[in-house]
Amino acid sequence: MALKIVKGSIDRMFDKNLQDLVRGIRNHKEDEAKYISTCIDEIKQELKQDNIAVKANAVCKLTYLQMLGYDVSWAAFNIVEVMSSSKFTYKRIGYLAASQCFHEGTDVIMLTTNQIRKDLSSPNQYDTGVALTGLSCFVTPDLARDLANDIMTLMSHTKPYIRKKAVLIMYKVFLKYPESLRPAFPRLKEKLEDPDPGVQSAAVNVICELARRNPKNYLSLAPLFFKLMTSSTNNWVLIKIIKLFGALTPLEPRLGKKLIEPLTNLIHSTSAMSLLYECVNTVIAVLISLSSGMPNHSASIQLCVQKLRILIEDSDQNLKYLGLLAMSKILKTHPKSVQSHKDLILQCLDDKDESIRLRALDLLYGMVSKKNLMEIVKKLMLHVDKAEGTTYRDELLTKIIDICSQSNFQYITNFEWYISILVELTRLEGTRHGHLIASQMLDVAIRVKAIRGFAVAQMATLLDNAHLLTGNTQRNGICEVLYAAAWICGEFSEHLEDPMQTLEAMLRPKVATLPGHIQAVYVQNAAKLFATVLRKHDGETESQAAQETSQLLIDRLPLFVQSANLEVQERASCILQLVKYIQKLQQKNVEVAEEVTALFAGELNPVAPKAQKKVPIPEGLDLDAWINEPPSGSESEDEKPKAVFAKEEPKHSRSRHTEVDEKELARRREVRKQEQASNPFYIKASPSSQKVYDAPGVEHIPVVQIDLSVPLKVPGMPMSDQYLKLEEERRQKEKAERKKKEKKKKREKRGKERKADSGPESEEDITPAHQVDIVTEEMPENALPSDDDDKDPNDPHKALDIDLDKPLADSDKLPVRTHRPEVLKSPAEDRDGESVPQETKKKSGKEKKKDKEKDRKRSKEEKKKKKKPKEVEEELLESQPEEAVQSEETKEAAAPPTSTSAEASDLDFWLSSAPVPPAAQEVTAPSSSAAAVDTSSAAAPESEPDEPKDTEPEDTKSSKHKKKKQKKEKEEKEKKKKKRHHHHHQHHGDAGGEDSVQNGTVEEEEPLPPMSNYSLLAENSYIKMVYDIQGNHQDESKVVVSVIFENKSDSFLKAMEFNVLDSLNSKLQRPEGAGAHDSLTVPFQLPPGVSNEARFVFSVQSIVMPQKLKGTLTFIVKSDESSTHEKLDFKLHFTCTSYLITTPCYSDAYAKLLESGDLKGSSLRLEGINMPFHHLLARICFHHHFSVVERIDSCASMYSRSIQGHHVCLLVKTSDQTVSIDAKCDEPSLLGNVLDEIKQTFSKC
Amino acid sequence: MIKAILIFNNHGKPRLIRFYQYFAEDMQQQIIRETFHLVSKRDDNVCNFLEGGSLIGGSDYKLIYRHYATLYFVFCVDSSESELGILDLIQVFVETLDKCFENVCELDLIFHMDKVHYILQEVVMGGMVLETNMNEIVAQVELQNRMEKSEASDQ
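The listed protein sequences derive, respectively, from chains A and B.
Position one of the first sequence corresponds to residue 5 (the working numbering), numbered consecutively onward.
Position one of the second sequence corresponds to residue 167 (the working numbering), numbered consecutively onward.
The hints are simulated quantities; they were obtained by calculation from the structure and are not laboratory data.
Mixed in with the good hints there might be a few duds.
[To be verified] Computed beta-carbon distance windows for the label pairs:
#1 B:Q257 to A:K737: 53 to 61 Å
#2 B:D192 to A:K584: 54 to 62 Å
#3 B:N211 to A:Y369: 21 to 29 Å
#4 A:S1160 to B:C271: 46 to 54 Å
#5 B:E308 to A:S1151: 34 to 42 Å
#6 B:C271 to A:N412: 26 to 34 Å
#7 A:A1155 to B:S225: 47 to 55 Å
[Said to hold, decoys possible] Covered, in the sense of this in silico footprint (three residues per stretch, anywhere, with C-beta under 8 Å from a C-beta of chain B), are these stretches of chain A:
#8 85-93
#9 170-178
#10 206-213
#11 319-326
#12 354-361
Just so you know, even glycine gets a beta-carbon here, dropped at the ideal spot from N, CA and C.
Please model the entire structure based on the sequences and the hints provided.
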């Protein structure tokens, strides 16, 4: 044995190690492959030796060779051997090699299960770590299933180093073995609050990764993440969480509302650009999810855009890039805000960095409007000229076309201009996108009927100057355009001024140098032109011109008959014979024009790309069923017809008609036509959308007014610019006319369209230059609107779409090793036994035993500990007395139900931005409950439709964001309460009220039904107004007044106008341009019995004093017979409380604040207060926008902040029926007023 | 998720490759070539993000890279990663290498590919970021190296 070791180490001395190998390869630059193959031979020899050190060295070298691209999978078994070495050094080499070259198809992976399990439970944390790292790279479904339980145990390892690795690898396990997600999730969630920041970060990482794919299952974690977001200082974690919120908000708009504030705070405060950027991104996501255009949101969007502008203007290219990237997200929903930065984005087009230019181009795509399209494209055309590299120029070209053609040419007001642009683009040298330009030309010419005349003229010019395009063989790509030009000239030849000339151009000998498919189109369309010429000279007996044309064709076509291209040859010879025949007829003076034209009659309609797919299967039709019994032995060819349709070119393939039985088609078409004609509900797309079979219906086609100031035929001269000028002039004119009209109308319309008018010129105002009739793409009559055919069925994350809130069932267990070996022996492990060296096997057996014993002991201890509180589990445990190892896991699995079931409803509570205390009031004043319900029905309906209506304590219980200390105490309380609730229904509010107080996250944005902060503003027999005032942190001088208007009458209320007499301090915000005394229109009308909410923004200067503003509401009462104009005066009371905003505060920060000594004190005593302390707190929280910082027995500290950042701190104590409030604030008069208001609140009850 | 980490030099020679999704060896080499082609033609003063790697990823993926002297460090990541965050991570990784190798240069990476892998394993695991704190990474790497040494002296 000893000799062997010595021999081994001597061998090793002569072996190459990794460094030698690398050096060798570097010295054999000439014959590297040969050198490496000799090295591989050496390695093979080394792998045959018994010495593990030699083997490890060989494997290490193989890892290097793998990097160079050599397949080393043949050594997989040796890698497993090295992995199972007892020495860390070799183990690490083995696992590294495995992680580089093992994959799901590697069969030896099955042999590793036991080895990995052994390493995972190794006493050496680095053995475990190396195994986890390796496993993360090559985990297979089998490994995941077999090891899930072991890894889950490691998640609670004592060493954070192992914990974080175990947590991270769980994601891979979930992917491969989705069944493990539910049982493992509770523990994963627990790790979010792990004391070690690394573990915490890993857990956040995993959950974010999971939630990104199936966000809806993770909504219930939002409160927890919210807490992490407000408490964590690790930017990595923050970024992940903020990104996660970005994924969650689309599912839950209420979450977005909650996020806006902390996120904007972060945006203002953070210095880390990465964090700032992610915040902006998520705020954008939030704003996208909130459709309502609340005023404070437009402030946030402004903030985002403003910050992004700073990024874009930064000299750091990375920031510039990201700024543009985020900008494009805003663009989708708030194009207006981005459009104002057009200058900046156009500037980025000049950037030297291609990534940035491409981003800017992307942005431009969304920024165009009818108004600026021509201008933007003009700029882009300039860039096209300047662009050097062809790739970027091609990119520009495609972008120009994308921009113009987006959403069905929505932004093009002048198609002549567009055609000119396309023609200009054909002058680009060496572009690859000739085909793209060609298809655009075809598309426009086919779909915009009015433009055909112009298009044909342009195309004729193009054909005439074809030598410019084809002169250089390098310009190959662009000659595709001729394909379109020829087709358009032929198809719409009735618009040609001089068809003869075009015909001549198309038959020039030079054409024969063009690619075959273009020649074919030339030949075919020459025939069409021929028909047109004949028609033109129809009726003239012995027309010289017609005969000349025939002769021209007969002279020129033989060139094409000799073509090597089959298609060209076939068409040419066919047409040649036809023309010869016609010539004969002509010589006999026979009228042929009509018949020849009939060859090409009929019009093509564009068909939507998805039309075929969208034809719904008629009821009762089973496409899979056999129509006749299948003939024996025949292969099914179902696939074939499908392919024929899919490949078909929708637009310009005439041959399609001949493929299907023409007669049958015609018959069916006729039937459908009649059916449509008799069906009053069938809307015809356009008068000529049905096919015309007689002579081309010239009368259908609107004749375009071609402006003669535009030179039509100036080849080589850009003329799109002229259109730009013309367009400007035209708009000016239109604008002037419109203004005149508007002036007349203005009196009647006063105030109604103020918003629309605020912009200089809105989108809708621009009318197209000439009435274009865009033919819409045809779709089957009853096409299904569904559009979800782009989901990937192979996404591994689909399997992870698992409801995590459902309590765990018995079946949700991770597979665990049992003690009976018979069960253990899977075929894989059988083989394992044979192949793994004897020594290691014995060892592992021993260790296994030890481990089991340990496990058993541990689990027993734990059982004892947990016995008392959880009886249910006890039963579970007893039912599995044999499976000691499993017991621990079952416990884990059994524990969650209670908490998880509450989770979903917790979320509702957490999200409902209004706290529950209203219910608490109901309790204290049961007699007035009827009244409360009444007001609630008045106040609630429109405020927040998706708020939870029930205030069941289970629903409102929110245990997530509480400090751990309070947790236990709480639970007990709640248990007691639950019991009580059965008897005293009216106590329901208690728990909720108190909870919201302790959470410290009460927000006052909108009240919950039962009672609200809304107080009566004014009331008469027609209408009732209640209002509430809220501030927000984003703007220190603004408050929002929400007024709910309720129609009490049986009449219709309309034209409501709201006006307030401004004071020096407080002013109603009116749209720009409105006078200081103008009233605001309430943006809705009220049918009888309906109520709705409107919001008005006020700007305030000083907030230290309460204030009252007088105002008037005018409205028209309209009943069946009459309508009257009514008026209601009111007084808006701005209390100091309404300037306070509920702001959570942590006790340490609170203590610091008090210590700082900047605050001045004041106090208040309330006598004869007869309510439970928590009710009292709830009231202060709810009515005065405070949050509880800490509560100890009958003493509580509370905090709030004003919109201008004043801190208000309260210390509330109670004894007997006396409540004393000691208060501190940096603004004494504000404090005094707030205290007065608190006093009033309590004197009322 | 990080899909791949590639380190290659100014001539496109791979110095470390780490794929977190399986690709066959020849495909890996093709990806390296394509990535090198994309990255190498960019100036040093342009941004560090690149879209358009056709072989690896797709529309959701981005190449984020840094160029240090003779080496390119390229991370291929999807949209769940923060772009600036990954740039910072590359910096952390390189600084860690610098600490572990004492003034790291390309030769260190050439001759000690295995060690670079071990360091990377402490930063990224299975495509997810494991640790971003350099001191923690260095400490763990050193502890493991010490273990290796003690095993070697036992022999």
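Cross-check of the supplied hints:
B:Q257 and A:K737 have their C-beta atoms about 59 Å apart, which keeps the hinted 53 to 61 Å range intact. Against the hinted window of 54 to 62 Å, the Cβ-Cβ separation of B:D192 and A:K584 comes to about 59 Å, which satisfies the hint. Remark: the range hint 21 to 29 Å for B:N211 to A:Y369 is upheld by a beta-carbon distance near 27 Å. Take A:S1160 and B:C271: their Cβ atoms lie about 53 Å apart, and the range 46 to 54 Å holds.
Range check, B:E308 to A:S1151: about 40 Å between beta-carbon atoms, so the 34 to 42 Å window is met. Distance hint for B:C271 and A:N412: a CB-CB separation of about 58 Å, inconsistent with the stated range 26 to 34 Å. Between A:A1155 and B:S225 the beta carbons are some 51 Å apart, a value that agrees with the proposed interval 47 to 55 Å. Only residues whose C-beta sits within less than 8 Å of a C-beta in chain B count toward coverage, and the segment 85-93 of chain A has 3 of them, enough to reach three; the restraint holds.
Counting residues of the segment 170-178 of chain A whose CB lies closer than 8 Å to any CB of chain B gives 4, which reaches the minimum of 3, so the coverage claim holds. Evaluation of the coverage hint for the segment 206-213 of chain A: fulfilled, as 5 residues show C-beta separations to chain B shorter than 8 Å, against a requirement of three. With a cut-off of 8 Å between beta carbons, the segment 319-326 of chain A has 5 residues touching chain B; three or more are needed, and the interface restraint holds. Remark: the segment 354-361 of chain A is confirmed as covered by chain B, as 5 of its residues place a Cβ nearer than 8 Å to a Cβ of that chain, reaching the required three.
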